[in-house]
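Modelling step: build the complete structure from the supplied sequences, incorporating the hints.
These protein sequence lines map, in sequence, to chains U and Y.
For the record, in the first sequence the residue sitting at position 60 is 60 according to my numbering, with numbers rising by one throughout.
To convert a position in the second sequence, counted from 1, into my numbering, add 305.
Any given hint could turn out to be false.
Label-pair restraints from in silico Cβ distances [what the hints assert, rightly or not]:
no., chain 1, residue 1, chain 2, residue 2, range
1, Y, VAL513, U, MET157, 52 to 58 Å
2, Y, ALA420, U, LEU7, 40 to 46 Å
3, U, LEU4, Y, ASP491, 56 to 62 Å
To list a few chain Y residues with every Cβ distance to chain U over 10 Å, as calculated [unchecked claim]:
no., residue
4, ASP415
5, VAL498
6, ARG549
Partial list, computed: chain Y residues near chain U (C-beta under 8 Å) [what the hints assert, rightly or not]:
no., residue
7, ILE392
8, SER468
9, PHE595
10, PRO628
11, ALA630
12, GLY637
Note that these hints are calculated values from the structure, not bench results.
Cβ atoms here follow ideal geometry from the backbone N, Cα and C, with glycine treated the same way.
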Amino acid sequence: MDALAPLIASAMVAGTPLMLAALGLLVNERSGVINLGSEGMMLMGAITAFATTLASGSFTLGFLAGAVVAMLMSGFFAWLTIWLGANQVATGLALSLFGVGASAYLGLPYAGESLQPIQFAVPLLHDIPVLGPALFRHHPLVYGAIALCFVIAWFLMRTRAGLIVRAVGESPTSAHSLGYDVRRIRLACVLFGGACAGLAGAFMSLVYTPLWVEGMVAGRGWIALALTTFATWRPLRVMAGAYLFGGITILTYHMQALGVPIASQLLSMLPYIATVVVLVLISRNAAWIRLNMPASLGKNFNPNA
Amino acid sequence: MLRLERRAQPSRVMAWCSPLLAVALTALIGSVLFMVVGKDPVASLRVFFLEPIRDLRGWSEVGVKVAPLLVIAVGLSICFRANVFNIGAEGQLVVGAIAAGALILHLDDDTNGGALLISLALLAGVAGGMAWAAITALLRDRFHANEILVSLMLVYVAELLLSYLVHGALIDPDGFGFPQSRLFSDGWLLPVVLPGTRLHVGIVLALVAAVAGWLYLTRSFSGFKLQVGGIAPMAARYAGFSSRSSLWISLLVSGGLAGLAGAAEVMGPIGQLTPSISPGYGFAAIIVAFVGRLHPLGVIFSSFIMALFYIGGELSQSRLGMPSAVTGIFQGILLFALLACDVLIHNRLRWSR
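In structure tokens, the structure reads:
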């Protein structure tokens, strides 16, 4: 049992950036906009947060900077797609390609630098044997992500504003004719998605590793995109998916450490292959996906047309 | 105030001018960025747009970069026209390189080689890329798995596979443990078309692919069906055009061409298998395809521009003291600029009070 505690603990930490990014994308997609730029936004969030914290010594400031930069990027994406009617897939790709290039450039002076890892503990609970080290010694954002998950579930399903967001995603024309400003609602959702991606990137460079390596997000932005499909656009399923993937990532590390006679490269493939497998399993039933997917996902809406 | 007004009809002129405008806009934004970091903008632009093509050697080096970009972008143009978003060309390139490299390492005995065996190795590359893309096609066809995400995940898998092979099965036994294969012998390397340079026959193959791609899209029924399926899926279905065959054709063609690019890279400028054989050609080719208007001949122009960015990035290290990572920023800006300029195809700018 004692060996399991660190495994669970690290799976939770590894799952958190995925969960944060995927939750943001989920709200984003519920409003009918698909942003393929999450990989780029996470990378930019990661490097900005890292640089800010290294310079200022403040982790809070780092998280804030990461979220703001990614939010600005998503704002630019929103302007191109929602107001100028650019193709969402192409614009999102541009955002990712730009983020990969720009973060590599900005990160050059920071290669090899690292931050002092910070220790956290939930008062009282962290002393419980096994459960304490497994669940209650994490960075606050790990719990923040869990809370966010429930908040988003409540927001989307139980509030009027959430209903409007879903309406915009299902049928922008109807929402528009009811007098809702489809473009502004979508903008708000896209900005939220960007901020979440930035936080996720910041979490990676400030807490998870904590250092900067070029391309360190390593496809997690794309995996987060797959997670929203996996979760059929439901927040609580995102949590399950994120921890599942966190667990797979950690398992590969542990297998390497235990000396399992499989090459490290083959083990590292696991999260990517798992993503493909999960996508296949979930997409197999086309009718089910169609039932759950926001009906206007990826389609632009022009109120003046 | 400047505002956008919808055109009654999309402008044909703008459709062709927009890529040029985008390149100009990229240069402009780039020079502002150079100014911000304290470099002379004019000198910087010269490094990116003039220095690479100052002499024949420069042109040949640009050609070395055009070859893979062009050949991949032709495939992606066909693919994107069918509305199939194959984002994993980088992975297909890597698997193509592995297939060609493995074949060469298996057959190469320092004395053989020649046109026939080189063609065989190139075909192995095509087959490798096709096989890798076929995974995406199969999963999309049978299980409706999103091709963007699947093809992209397979990029990471392909790169790890290459790393695994050059660390193990294909490592040079006399290479002091360096993770790379032995050098291919001369008989297996692509012939150079311009004596004294590195410009290999891959550029010819790329140009042939561009013309063939153009003929396919404009002169064949299959190409027509594919494009109808991309523009108007409902109409295609009504006409009885199979969306499945479009999916398979577009992925196999783009995968095969990406695999060809990978094979040509390892049999040309690289000459062996190493852990990193492509500086992101597969991703850059996505931008090349869009900037070239998804037109197999248009991508000749855009792959040339993209090649300039690559060389300019390398040069800026020595000339400007700027890291070569600056290329990546330029690539992103170029696609953004194009998407923004494309707005003018359907809209016009109007002053209004």
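What hints, given by number in increasing order, does this structure fail? Hint 2 alone not satisfied by this model.
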